[in-house]
Structures are given as C-alpha cells and as structure tokens.
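What follows is the residue order along each chain.
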Amino acid sequence: MPVPAAPAVTAVAVPSTRDLRLDLFRGIALWLIFLDHIPSNIVSWITIRNYGFSDAAEMFVFISGYTAAFVYGRAMRERGFVVAGARILKRAWQVYVAHVFLFVIYLAEIAYVSKNFESSLYAEEWNIFDFLKQPDVTLVQALMLKFKPVNMDVLPLYIVLLVGFPAVLWLLLRRPALALAASAALYALARTFEWNFPAYPSGEWVFNPLAWQLLFVIGGWCGVGGADRISGLIRSRIVTAFAVAYLVFAFVIVMTWYFPRYGYLVPHWLGELIYPIDKANLDVMRLVHFLALAVLAVRFVPPGWPALELPVFRPAILCGQHSLEIFCLGVFLAFAGHFIRVELSGGPLLQLLISITGIGVMIGVAWLLRWYQALEGRGPAKRSRNADFAGGDV
Amino acid sequence: MKAFPILLAALAPLSPALAENDACELGRPLISAEAALPRAAAAVAERHSLNVIVLGSGSSTLPAPTGERAAYPARLEAALGKFLPGVDAKVVTKIKARQTAAEMMEQELQRIEEQKPALVIWQTGTVDAIKGVDPEEFRDTLDQGVAMLQGDGVDVVLMNMQYSPRTDAMISITAYTDNMRWVALQHDVPLFDRLALMKHWSELGTFDLYDASKNTDTAERVHDCIGKLLAGLIAGAVKQPAPAAETR
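Listed in order, the protein sequences are those of chains A and B. Take the first sequence: its position 383, counting from 1, is numbered 382 in numbering that gives the first Met the number 0, and each next residue is one higher. Take the second sequence: its position 203, counting from 1, is numbered 202 in numbering that gives the first Met the number 0, and each next residue is one higher.
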C-alpha cells in the first residue's frame with residue numbers, strides 16, 4: 000500500500016538526503032535473507048547466492064556500514080565523539096536485546112519439536128537437542144554470543160561491528176584512506192593468521208567479525224564521502240567491463256556446482272586457486288563479486304532515480320528503512336515457516352505459500368512501523384528521530 | 000485444527016504407493032555412474048574378493064530392535080552378493096555414535112589400515128555439523144584421512160549426511176557438505192550424496208521423512224535403498240570394462 004513519504008525524511012538539506020537506493024537494496028536483501036533462511040526452500044532458487052559467489056549477507060553488511068557512517072558521521076561532526084559514540088553503543092545494545100529475544104523464540108520452538116521426536120532414522124540428528132539438557136551452560140554461552148543457533152549469526156556480527164564503530168568512524172572522518180587501509184590490514188592479518196572469535200560448543204564464528212569488518216568499513220568509507228570520490232572510477236568503461244566479466248565468470252563457476260557433470264570444465268589449476276570459497280572469512284572471491292554487483296547497481300540505478308518513487312519499489316524501501324525489526328521478523332518467520340511446513344509435511348506449493356506470506360507479513364509490519372513513527376513524530380526533535388530512523392539499522 | 004487434514008491433502012506431495020524397488024530406482028539418477036575405484040577393482044579382478052569397511056557414526060546404523068541387520072551396511076553386503084556373483088564381498092562396520100571425523104581419524108583409521116580392506120565407505124558430517132566443528136578443520140581431516148587410505152592402497156567412498164527435514168532448520172550443514180564435495184573432487188573419490196538422495200525421495204513423496212514417530216518401517220526401507228544404490232555404485236566401479244550386462 001503506498002504511503003506518503005514522511006516529511007521529516009525528505010525535508011533534510013540536500014547533501015544529507017536519504018539515498019532511497021540504500022533502502023531499496025537493503026529491503027531486497029532482507030527478503031532474500033528470509034527466503035534463504037527457510038531450509039530447503041524451493042523459492043530460494045531465485046536468490047542471488049545461487050548465481051554468484053556473494054549473497055544477501057554482503058549487501059546487508061555493506062549497506063549497514065554505509066548508513067551507519069552516514070547517520071552517525073553527521074552526529075559526530077555536529078555533536079562530537081562522545082555523543083555519537085554513545086548513540087552507536089545504544090544501538091549495539093538494542094541489537095543485542097533483539098538477538099536474545101530471537102534466541103528465546105528459537106529455544107521455544109526447538110524444545111517443542113524435540114518433545115515429539117522419536118524417529119529411529121534420525122537418532123543421530125536427535126543429538127542436536129542435547130543442549131536443552133544443560134540450560135545452565137547453553138544460556139550463558141548464548142548470552143555471551145558464543146552459542147549461536149543456525150541463522151542467528153548475523154546479529155552478533157553486527158553487534159561487534161557496532162561496538163568497534165565509534166573509533167572507526169572517528170578515523171573515517173579524519174583520515175578516511177588510513178581507516179580503509181587499517182581495515183584492509185586487519186582483514187589480511189585475520190585471514191593469514193586465522194584469527195576469529197571462539198564459538199560454543201566448538202569451532203568459531205560463522206561470520207568472522209575480523210574479516211567481515213572490511214566490508215562494513217568499505218560501506219562506511221563510501222558513506223562519509225568516499226562514494227563521491229570514486230564515482231568517476233565506478234562509471235568508467237573499464238571498471239564496468241571488469242565487473243560484468245567477473246559476474247559472468249562467477250555465474251559459470253557456480254553453475255558447475257549444480258551440474259556436477261560439467262565440473263570437469265573447471266580447470267584444475269583454477270579450482271586450486273579459487274576453492275574453497277570461504278564465507279566465514281569473507282573470501283576475496285566473494286568480496287570482489289559483491290563489489291562488482293555494487294558497481295553495476297550504482298551505474299544502472301542512479302541516485303535520485305525518479306523510478307525509486309514508484310509504488311512497485313515502495314514495499315522493499317519500507318522494509319529497508321526498518322531493517323533491524325524486519326530482519327528479526329524475517330528470522331522468526333523463517334523458523335515459523337519451517338515449523339508449519341514440518342507439521343503439515345508440506346510440499347513445494349506450501350513452501351511457495353509460506354514464502355509469499357512471509358514477505359507479505361514483512362511488508363505489513365514495516366508499514367505498521369512507519370505508521371507508528373508518524374504517530375510519534377509529533378513529539379521528539381526531528382533530527383534525532385530521523386537519525387535513529389535512518390540509523391545504523393542492521 | 001480441524002482444517003488440517005484438508006490442508007494436508009491439498010498441500011502434501013503426492014505419495015503413490017510405490018513398489019519398494021521402484022522407490023530405490025527413483026534415486027538412481029543421483030548416483031554417479033562413472034565412479035572409479037581402481038584399487039577395489041584390482042582386488043576383485045585378482046582375488047575375487049571385496050572387503051569393505053563402513054566407517055561411520057550413528058546414521059550408519061539403526062537403533063534396536065531394528066538394529067544392524069536392517070541398516071544399510073548389511074543391506075549393502077547382501078546387494079553386493081547379488082551384483083557381483085562369484086566375488087566374495089564382505090562388509091564390516093566401524094560405527095560409533097557421536098563420532099566426529101577427527102575422532103574417527105584418530106581412533107579408527109590406523110586400525111583400518113592394518114586390516115587392509117579394498118574399500119572404505121566413510122560416512123561423516125552430521126556430528127561435526129551438530130558440534131559446530133570448524134569446517135576448515137573438518138576439511139583438513141577428511142583430506143588427510145582420504146590421502147592416508149589411498150596411500151595404503153585403499154579406495155574410499157565418502158557419504159554425506161542424511162536429509163532430515165525436521166532438524167533441517169537446526170543443523171547448519173552447507174559448509175560441511177561443500178567441503179565433502181571438495182575433498183571428493185580433489186582425490187577423485189566418489190561421493191555418495193545421501194543428502195540429495197533423501198531430499199529427492201522426500202520431495203517425490205517416496206518416503207515420508209517428516210514422520211517423527213517410532214515407526215521403524217520407513218527407516219528400514221530407506222536403509223535398504225541406500226544399501227542397494229551404494230552397491231550399484233560400487234559394482235559399477237569395480238567391474239571390468241567388459242560388457243555391462245549386469246545393470247538392472
């Protein structure tokens with residue numbers, strides 16, 4: 000349903016106009032993440048991870064870095080390090096609370112499922128419920144962000160990125176190039192020496208913050224003016240040609256995964272070079288793939304593109320503007336969708352129904368959130384509300 | 000809640016009552032037909048024997064009372080006897096529940112090497128995924144294990160996880176399946192893709208894998224099919240390039 004744009008958002012001075020493209024792509028990323036989180040979902044065939052190396056997670060982290068730098072950067076310039084830093088940390092706290100809330104819902108579902116599970120075929124898989132037997136350890140490890148059930152890895156990453164962000168932003172505003180270089184150096188070091196955060200019961204974080212921070216900082220660098228500096232480069236023919244070539248290359252490689260009989264077409268030396276593509280540590284292949292996508296997106300969707308105001312894009316933009324809430328909702332809906340599917344032993348038709356309904360619910364809730372915001376809009380100062388609204392949402 | 004049966008009828012995949020063999024056959028397209036097991040083939044050609052060891056965790060067996068007799072290793076032995084007449088095919092199991100790949104490597108692999116089988120079926124992945132073992136470590140373990148066995152003249156078939164729709168949302172297996180596929184490619188080892196196979200059966204409605212009850216019938220039939228298809232893969236790979244008349 001089309002909603003008039005909130006005046007508080009569009010009425011800001013020109014250099015700080017909200018870039019609707021960010022909201023649009025973030026909204027789309029949220030939908031894709033939802034679809035990917037429903038296990039064995041046939042509808043997830045449409046998501047980008049099936050056609051290249053990177054997936055919606057990259058879009059999400061990059062755009063989050065961009066918006067966080069954009070919003071809190073302005074706050075830091077105007078009101079100083081302490082105020083902006085405090086607001087970033089407050090945001091980190093909100094994300095933490097959201098994560099714990101999701102964890103509780105997850106626990107409830109898993110505890111319910113485990114009660115009626117006696118299949119002899121799956122005696123082995125049943126061990127996944129072991130952690131319910133020792134809630135003392137499980138809960139503490141979860142609160143420490145070490146125990147993270149499936150699909151609950153993105154928010155912890157985001158919490159860590161936000162906690163480190165005040166210092167990063169401080170540097171980004173003074174010496175952006177230095178900040179970028181430091182971030183790249185940390186990325187290289189973490190990958191070389193295999194630094195990562197420990198997880199429980201074993202292993203390490205699925206999204207290594209020490210590697211993924213690079214994408215967040217690249218986003219932040221673009222958000223504080225870097226994007227303008229390299230706009231000429233992005234629009235150059237050579238860069239575009241390279242981006243297209245790389246995307247085609249990635250597409251061909253990925254297709255050999257789905258049709259293994261053509262696997263032999265990938266020369267051995269090339270396989271040696273590119274495999275395995277390591278998601279945990281943001282493989283270079285993935286990073287470049289995302290940047291290539293971003294280059295094309297920037298080139299073909301110009302800022303202030305009039306079509307962005309069209310009603311078709313409205314739902315995605317709305318979702319992108321409330322990303323923390325909609326992200327959490329998406330994780331919950333994916334659990335719930337899977338639960339329904341299992342209870343009904345449903346087939347592809349049910350999956351399709353769940354996928355469409357889920358996205359519909361996400362749009363509905365985003366619209367509702369916007370409505371609440373408009374209600375409350377009369378009270379607090381415009382600017383701070385606007386910042387929170389744009390702000391560092393996941 | 001009264002609407003459930005109706006919904007179910009409308010949305011559940013069609014599940015025609017299939018004869019058991021047809022059910023197994025439905026999975027055949029997912030089994031690699033060009034697998035090569037040169038070391039096992041040599042044993043068959045020279046000694047007319049095929050000693051197979053199944054190294055695995057809980058999903059390579061079935062809990063009592065169904066037990067080992069109905070699990071796929073026993074079914075594999077029976078099917079090999081049929082597919083390879085005149086060959087003395089034996090299947091021995093080294094199965095321990097809750098064992099990660101690294102634990103199998105540490106505790107079993109040495110002993111297996113001493114027994115000099117022609118072929119090891121290495122079923123793994125589930126426990127590592129449940130315990131959240133670092134996927135890179137998992138890959139390194141498999142990589143070393145397969146290299147060790149091959150170095151000793153033993154062929155390997157890797158078998159990945161079961162498809163388990165109920166716990167699908169709770170165990171993150173992609174990183175582990177990808178790594179198994181990668182190791183298999185690297186060492187020219189056939190991968191018996193149990194995950195894709197069972198998913199296929201589930202989608203076709205061949206077996207109701209959503210069933211959470213104690214019903215052992217489905218479990219037995221699934222294991223029977225896995226044993227038969229695995230035997231088909233092995234028999235195809237060890238046969239001399241003579242006329243392939245044996246294919247059913």
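Quick caveat, the hints were computed from the structure, so don't treat them as lab data. Please note: incorrect hints may appear among the correct ones.
[Said to hold, decoys possible] DMTMM-like cross-link-like pairs, simulated, lysine to aspartate or glutamate; straight-line CA separation at most 25 angstroms: (1) B:130 to A:18; (2) B:130 to A:152; (3) A:114 to B:219; (4) A:114 to B:207.
[Claimed, not checked] Here are the in silico distance ranges between beta carbons for each label pair: (5) B:91 to A:267: 45 to 51 angstroms; (6) B:35 to A:257: 21 to 27 angstroms; (7) B:112 to A:268: 41 to 47 angstroms.
[Stated by the list, open to error] Some chain B residues flagged as far from chain A (calculated, every beta-carbon gap over 12 angstroms): (8) 45; (9) 46; (10) 89; (11) 112; (12) 128; (13) 198.
Here a beta-carbon is modelled for each residue, glycine too, at the ideal position from N, C-alpha and C.
Right, here's what the structure says about each hint:
no.	hint	result
1	B:130 to A:18	violated (43 angstroms)
2	B:130 to A:152	holds (16 angstroms)
3	A:114 to B:219	holds (23 angstroms)
4	A:114 to B:207	holds (19 angstroms)
5	B:91 to A:267: 45 to 51 angstroms	violated (35 angstroms)
6	B:35 to A:257: 21 to 27 angstroms	holds (23 angstroms)
7	B:112 to A:268: 41 to 47 angstroms	violated (31 angstroms)
8	45	holds (30 angstroms)
9	46	holds (32 angstroms)
10	89	holds (25 angstroms)
11	112	holds (25 angstroms)
12	128	violated (9 angstroms)
13	198	violated (7 angstroms)
Of the numbered hints listed earlier, those contradicted by the structure are 1, 5, 7, 12 and 13.
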